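Chemist: Top to bottom, those sequences are chains A and B.
Just so it is clear: in the first sequence, position 45 is 45 by full-length UniProt numbering, and no numbers are missing.
Just so it is clear: in the second sequence, position 169 is 169 by full-length UniProt numbering, and no numbers are missing.
No lab work stands behind these hints, which were simulated from the structure alone.
Just so it is clear, the structure is predicted and the values come from calculations on it, not from any experiment.
Quick reminder that beta carbons are idealized off the backbone N, C-alpha and C, glycines included.
Possibly wrong hints are sitting among the right ones.
Straight-line alpha carbon distances no greater than 30 Å define the calculated DSS-like cross-link-like pairs of lysine-lysine that follow [what the hints assert, rightly or not]:
1) B:190 - B:204
2) A:432 - A:349
3) B:409 - A:349
4) A:349 - B:333
5) B:31 - B:210
On the chain B side, residues computed to face chain A include the following (Cβ under 10 Å) [to be verified]:
6) 2
7) 11
8) 14
9) 297
10) 330
11) 402
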Amino acid sequence: MSFISSLRPGGRHGLSSRESRDAIGLAVAAVGRLAQSDLIDRVGLRKRAEQAVYSTTRNGFRVATAAGRTFARAGRNTPGARPASAASRGVFDLAPTDDEAMLLEVVRDLAAEVVRPAAAAADEACSPPAGVLTAAQDLGLATLGVPEELGGIMDERSATAGALVAEALAHGDMGLAVATLAPGAVATAIGLWGTDAQQQTYLPAFTGGSGAVPVAALTIAEPTVLFDPFDLATTAVRDGDGFVLDGLKSAVVRGADAELFVVAAMLEGTPALFLVESGADGLEVEADPSMGVRAAGMSRLHLTGVRIGADALLGDTDGTAYTECVRLSRLAWCALAVGTGQAVLDYVKPYVNEREAFGEPISHRQSVAFMVADMAIEVQAMRLLTWKAASRATRGQDHAREVGLARQLCAEKGMRIGLDGVQLLGGHGFVKEHPVERWYRDLRAVGVMEGAVLV
Amino acid sequence: MINLETPKKHATLIDQAHQLAMNMLRPISRKYDRAEHTYPKELDMLAALIDGVSETGATSGAGAGGVRRDTAADDGADGGGGKVRNGTNLASVLSVAEMCWGDTALLLSMPRQGLGNSAIASVANEEQLERYRGTWAAMAITEPGTGSDSANITTTAVQDGDHYVINGEKIYVTSGERADSVVVWATLDKDLGRAAIKSFLVRKDNPGLKVERLEHKLGIRASDTAVITFTDCRVPAEDLLGSPEIDTKSGFGGAMATFDNTRPLVAAMAVGCARAALDLTRDLLEQAGVVIDYDRPAQSQSAAAATFLRLEADWEGAKLLMMQAAWMADNRKPNSLEASMAKAKAGRVGSDVTLSCVQLCGTLGYSESELLEKWARDSKILDIFEGTQQIQQLIVARRVLGLTSAELK
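Kindly generate the complete structure, drawing on both the sequences and the hints.
Modeler: Below, the structure written as structure tokens:
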């Protein structure tokens, strides 16, 4: 970019395109440019030049996706195995099943003992530590949504179990929860909508037990204003007996390490899902560190004329599978919001009881105590809406309305809880000695995210 | 197994309540809003109908009296790890919500379904329960100088032989004129504080009881709200509800236990009233071409649709908190916290939803030609009586933070 063009008003540095520079502004901007480069270089203060290598903590560098493993083709091009839906007994009940309760106990331990202690460093590094990923893999979390006959750990598919696990993990840390659940989102999608061939080809790598579960990412979001997942800019065009993909996806979990992507793209005007293996020509990944959920190593995926086979289409072409995918993904984000919202509540409770001002704990003041009461009320409302939607999905009932309402409530009240959490800690809420500022940043994700996780 | 749907076993009851609300309450809703203090005579037949259905046992307690925590009564269903009950508390909140979808004031005027009946169901002993069967009991707690601080009441009850003599003034007694008895809170000894507060059932024909006047109100105008005075009012000792002992340890618990049972019911009233507004507003918006889509992002839809989605999400939260509180009561879990959460959420959501629906519908919503403006007036009381929004927040905050009422005032 030339010197003059970089001084054009608008568009960059957070400036609206309505801004204009007058003579003084141009002069100041010119001095600013000099200060940034030449003068400092001349006195030898500039750090060594940044190398154009992929770093999870900086954007602007595009590299090819990971070479990845070879998934050996297997199976027939017929509908795959489908997980069974749970039967309804018609009884209002807020207690998880025994299986869910057992699983939950283990995941809660993981969240408290492994995830939470690793959260701050992972947020800083924009990358999950290997120990957390291994521990989650050892629990079989990647195969939670995979039918038992295909190697999954639950005999019935349960979106409820998925939601409970996501909630429990996010109580530890939302970013690490997303990082650990992302491969499971792809495995679940293949379990739900894959052909026999797709299931035989990809699922053994997730369920095999030997070796690392593939890093995989479900990518729906795109970096545009007013993004609507049912009106994508990324396109799939039929070409011979395959497809060609073009577009830009965002919120791609651990894009640089991913070996398998599920990419959402418009096919003949209707959104559809495609399996894309890393290393394909035309795939580039760019780090996209964001406000929060940083431990998930968020990145952007550039697709430029990426050719894939006819067998890469995941699910149908009438948008049914895709709509289901968007809903189940939003449901997972709701569950994450509930977990992080509960973490905020659990953290501020002892804080406001111990922190004293004017000679007594600040919790003895209604203005403080009522904020805590509202947090408790709203996080429980968020949880009940999320559970209702998840339990309907578990029983195979329509859940469009319930997911829509849960997302609305979790986005709005979840952010409120994050905001109030920081406020209750005052200055302590603003500094990184306490985790509340991270939860504030993480909770902003809930209303904007699409894809990445799935229950 | 987690499931937040309407219980299968209550589905018929709720359908019936909905049909009653639609076909008996709605047609007279505006009539008695205008004719404040006129007795809705249509309710006598409705009450007889409800009594008849109740006696068959088919409803598992549809009304205000259905909140008693029996040790054996309701049947359960096997829900995996043990017996999970969907009993009379869930049936009550769901049917009350349906009736208030019809008309909140008329539900409050329903013969033999007063809040006093809930109090009897909550704290009376078996003998009293039998003796009071069929009574219509109003509830008298608030006094001119005492509202939310109900431990501070000044109405006194002094023992005199096998009677108590009650003196004092009570205000805001719902159905105070129409009911045939009143559950009144009085203190046995002002110096002993809240532990000395007991409730008494006083018959309306007691010569010491006088209905002084009826209030003119913002909403729920079909419901009569009375001022009642007690002057040397002699009540047989066996009409003291619960234990006559002044136990400073358990203290207020006995009388306050009523609230654990009635707060989910008031939450249900707000849930029902708000849903009436949502249902009609949605229909009017759709007729005006507004599409409400649960899949597309709210911010990509019209502002009206986005507002509606926000209201409906809040409403759903209130409803599920209400069901949670009732479910816990059915399953013998302590639910003071959850009851207050439900009432706090439903109370404020009731106001937000009904007022926002008037806003969305413009002068059509504001006009008496529709019922939206009425629901926006009716809903306000639901964030006030049986414990205001602020009292619920206090209760929730104390429980969540583990603070006493001396620490968090």
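Chemist: Which constraints among the numbered hints does this structure fail? Numbers only, ascending.
Modeler: Hint 8 alone not satisfied by this model.
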